[in-house]
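Trainee: These are the residues of each chain, in order.
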Amino acid sequence: MSHPYTGLSATAFWRSGVVTADRDLFPGLYAPKFAIGIDTKIATMGSCFAQHISHFLRKTGCLVLDAEPAPRAMTPQVAARFGYGLFSGRYGNIYTSRQLLDLLREIASGAADPQFVWEKSGRFYDAFRPTVEPEGMDSADEVLLHRDYHLERTAQLLRQTDVLIFTLGLTETWADRDTGRVFPVCPGVVAGRFDPALHCWLNLTHADVLDDLTRIRALLQRFNPGMKLLLTVSPVPLTATASGAHVLAASSLSKSVLRAAVGECVAAHEDVDYVPSYELITHPAAGGPWFNANLRHVSAAGVDRVMRVFLAAHGLAEPDRTPETDPEATPDSPADDAVCDEVLLDAFAGGARPL
Amino acid sequence: MTTRICFIGNSHLAALSEAWSRDPAQWPGLQASFVGAHKDLLLQTEVRDGRLIPATDDARQSFGKISGVSDVVLDHHDVFVIVGSGVALATALMIYRDARWVGLPSLAQCSDLATMPEQLISRPAAMASMTAALDNRLGLRLIRHLRHGTKRPIYLTSQPRVSQIILQSPQPVTRLHNIALRNGDNQALSAAFDAAAAAVLTNAGATFIPQPAETIARDLFTAQAYVKGAHRLAATMGLPQAKDDVKHANAIYGALVLDQIAAAVYPT
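Residue numbers (our numbering), protein chains in the order written: chain A, -4 to 350; chain B, 3 to 270.
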């Protein structure tokens, strides 16, 4: 007697797909819809987990574009502090689908909005990437000059991109009430001043995220028809929630919303795909634990594991394993190098000392 | 009262030691000794029991041949002056090679920043790049080394800018000087270097002595009068200057630096 489950592949069944499978590479877990080769022009954006993807792909020899490369004489430490080389541009962390949508719309508009310059102690910051200039700038005009430059360079990047890898991190965000534009960090944390009359908290729903992703895809096609969108969901939990819920529950909700919306977007579009980094890090069947002692940051071994699955699926060679870090560094340290703006919220954890 | 100064440095030390040996009476109240070594040999030393002691055969040879000493008793000196040792304008030019920032006149003339071949970076990023590079130079490493054995004041004198003679016969190594000059960025670059050097020295618990103003030509160069006839640090002093030497200054220059040190030690 025949039914829909007869003839399905081994990956469709828990026992053969998980329990008895090679749980290192999880064959079939990531079955790419489109190929990525050594010559594919890749751009990366997203939450801090996206920095690992970017770094790893570069080490592998993949063609990861860089719209705003660091000057050669800039040391790696200074470059990272000023937001160079973390992604394919100096947009800083893009945590939410709304933040990316806003950025693409701003690029399309062709000019920076002068109202989004934050001030702190006489220094001026770009509200949409306040941490890429840790010392701020001399004037609001200088911030806008740099933002216009950033927008134009990012537009040039997108016109060249074959595959954009975007890692969604959060659903919770803070927005400007008038325009709806969202910020990577709450006003007042890095710079600026929080004003409840001007700023509001948003927790994007499944429908919001799905709608954002659909619009993002359409806008990307305008930059480069044929550009593919490769989505991942960051396994890194929230640093803090403003929802009133426990942060653990808020994390689950946020990641579930992102994962569901991404799944639906992928199902709807042939040129949108998903890399299961979230499952490979967080699911009990995937082993681990793949987190560092703070239970937030993904360990170097965890990043390595995700990327091995990714590279194997695309038939790409793994990077040279020659250690490039201080041999005396702790095993946890390499993956801790990611620059995460939202970690600044840790400073407000009452009495608790972050790990 | 006599102030005992220990001058420590690489090949640029020769300008100062020659100026001193010509007429030490020009600097009454100062008592100078000179400890020189090539390249990074000064770091092949250890600070132990209040002394700076060569730790390798090469360093030992260098101390003996060039300076005639086997070690330096740190307590026998009131002030230390690090000479040259890589703290040079080239640090600013290296970042200028592929970056521009607000404050450089050429940026104001650029009509389309996004298409210029260089990166637009912020002034803090430019300064952070310079200070990070300077912090890794021999002079700064030497200061940190000495700080293990002394709390006495330490000064560091700028390495002289390259000779202005390169304007007549450009060399590949000075391509950036010519670009900066053509772009009108020379003054801003010179000021940026001096500011970065002062900041990094302050951070290291020492004081930066910039190149004497009267020796500087067009912001980026050392006037030829202060380069001609320069001697390099060698076991046998007085060897003639190599024809292609555009980096070392002469004893006239050295005398002006000694004036700066005297003024710093005895401020009026």
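Since the hints were derived computationally from the structure, they do not count as laboratory data. Since this is a predicted model, take the numbers as computed values, not measurements. Glycine included, each C-beta is placed from N, C-alpha and C at the ideal position. Just so you know, not all the hints are guaranteed correct.
[Claimed, not checked] Residues of chain B clear of chain A, computed beta-carbon distances all greater than 12 Å: (1) Val49; (2) Arg50; (3) Arg143; (4) Asn205; (5) Pro214.
[Said to hold, decoys possible] Straight-line C-alpha distance at most 25 Å; calculated SDA-like pairs for lysine to any residue: (6) Lys36(A) to Met129(B); (7) Lys115(A) to Pro119(B); (8) Lys54(A) to Pro71(A); (9) Lys230(B) to Thr176(B); (10) Lys36(A) to Pro119(B); (11) Lys28(A) to Leu96(A); (12) Lys41(B) to Thr70(A); (13) Lys115(A) to Arg125(B); (14) Lys36(A) to Arg125(B); (15) Lys115(A) to Ala201(B); (16) Lys36(A) to Asp100(B); (17) Lys36(A) to Ala263(A); (18) Lys115(A) to Glu120(B); (19) Lys41(B) to Arg67(A); (20) Lys115(A) to Met129(B); (21) Lys36(A) to Pro214(B); (22) Lys41(B) to Pro214(B); (23) Lys115(A) to Asn205(B).
Trainee: Now tell me, hint by hint, if it's right for this structure.
Mentor: Okay, the hints, checked on the actual structure:
1. Val49: At roughly 23 Å from the nearest Cβ of chain A, Val49(B) sits farther out than 12 Å, so the non-interface label holds.
2. Arg50: holds, 24 Å
3. Arg143: Answer for Arg143(B): holds, closest chain A Cβ roughly 15 Å.
4. Asn205: holds, 14 Å
5. Pro214: holds, 27 Å
6. Lys36(A) to Met129(B): violated, 32 Å
7. Lys115(A) to Pro119(B): violated, 32 Å
8. Lys54(A) to Pro71(A): holds, 15 Å
9. Lys230(B) to Thr176(B): With a Cα-Cα distance of about 18 Å, the restraint between Lys230(B) and Thr176(B) holds, given a limit of 25 Å.
10. Lys36(A) to Pro119(B): holds, 21 Å
11. Lys28(A) to Leu96(A): The given pair, whose Cα atoms are some 24 Å apart, holds under the 25 Å limit.
12. Lys41(B) to Thr70(A): holds, 22 Å
13. Lys115(A) to Arg125(B): Holds, because 17 Å separates the two Cα atoms, which is no more than 25 Å.
14. Lys36(A) to Arg125(B): violated, 31 Å
15. Lys115(A) to Ala201(B): At roughly 22 Å apart (the allowed maximum being 25 Å), Ala201(B) and Lys115(A) satisfy the hint.
16. Lys36(A) to Asp100(B): holds, 23 Å
17. Lys36(A) to Ala263(A): Status holds; Cα separation ~24 Å.
18. Lys115(A) to Glu120(B): violated, 29 Å
19. Lys41(B) to Arg67(A): Within the cut-off at roughly 24 Å; holds.
20. Lys115(A) to Met129(B): holds, 20 Å
21. Lys36(A) to Pro214(B): Outside the cut-off at roughly 51 Å; violated.
22. Lys41(B) to Pro214(B): holds, 24 Å
23. Lys115(A) to Asn205(B): Given pair Lys115(A), Asn205(B) holds - Cα atoms ~24 Å apart, limit 25 Å.
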